[in-house]
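*Asks:* Sequence:
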Amino acid sequence: MKQHVKTTLLVLAFGLASMPALAQDTTTDTTPDTATTDTTVTTQNDDNGTDWGWLGLLGLAGLAGLRRPAPTVVHRDQTAPPR
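What the sequence shown shows, in numbering that gives the first Met the number 0, is residues 0 to 82, in sequence order.
The set of hints was computed from the structure by calculation and includes no laboratory data. Being a predicted model, the structure only gives us computed values, none of them experimental. Just so it is clear, CB atoms sit at the ideal spot from N, CA and C, and this is done for glycine as well. All clues given are correct.
Just the calculated beta-carbon pair ranges, DEER-fashion:
#	residue 1	residue 2	range
1	L15	P80	53 to 61 angstroms
2	K5	G55	18 to 26 angstroms
3	T71	W51	35 to 43 angstroms
4	T7	A79	34 to 42 angstroms
5	G14	G48	19 to 27 angstroms
6	T7	T71	19 to 27 angstroms
7	L11	L65	15 to 23 angstroms
8	P70	L9	17 to 25 angstroms
With these hints in hand, go ahead and build the complete structure from the sequences.
*Replies:* As structure tokens, then:
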């Protein structure tokens with residue numbers, strides 16, 4: 000049961016870490032704009048709509064099963080006579 004909880008928390012932590020950070024800007028600009036310029040910004044996007052962050056997240060989730068297994072604990076009762 001503990002193993003499932005740890006794995007679930009790990010996946011949730013990585014899932015929340017991939018979410019974008021949002022901030023509010025409450026400042027106002029009181030300086031008047033005296034000059035206007037026309038600028039055109041062209042961005043090049045070559046990923047064809049693929050969000051590669053999710054692929055990385057799935058890869059990290061797949062590595063969660065490669066952790067070392069818990070050591071096997073053997074308890075021997077010293078008060079009982081040997082068989």
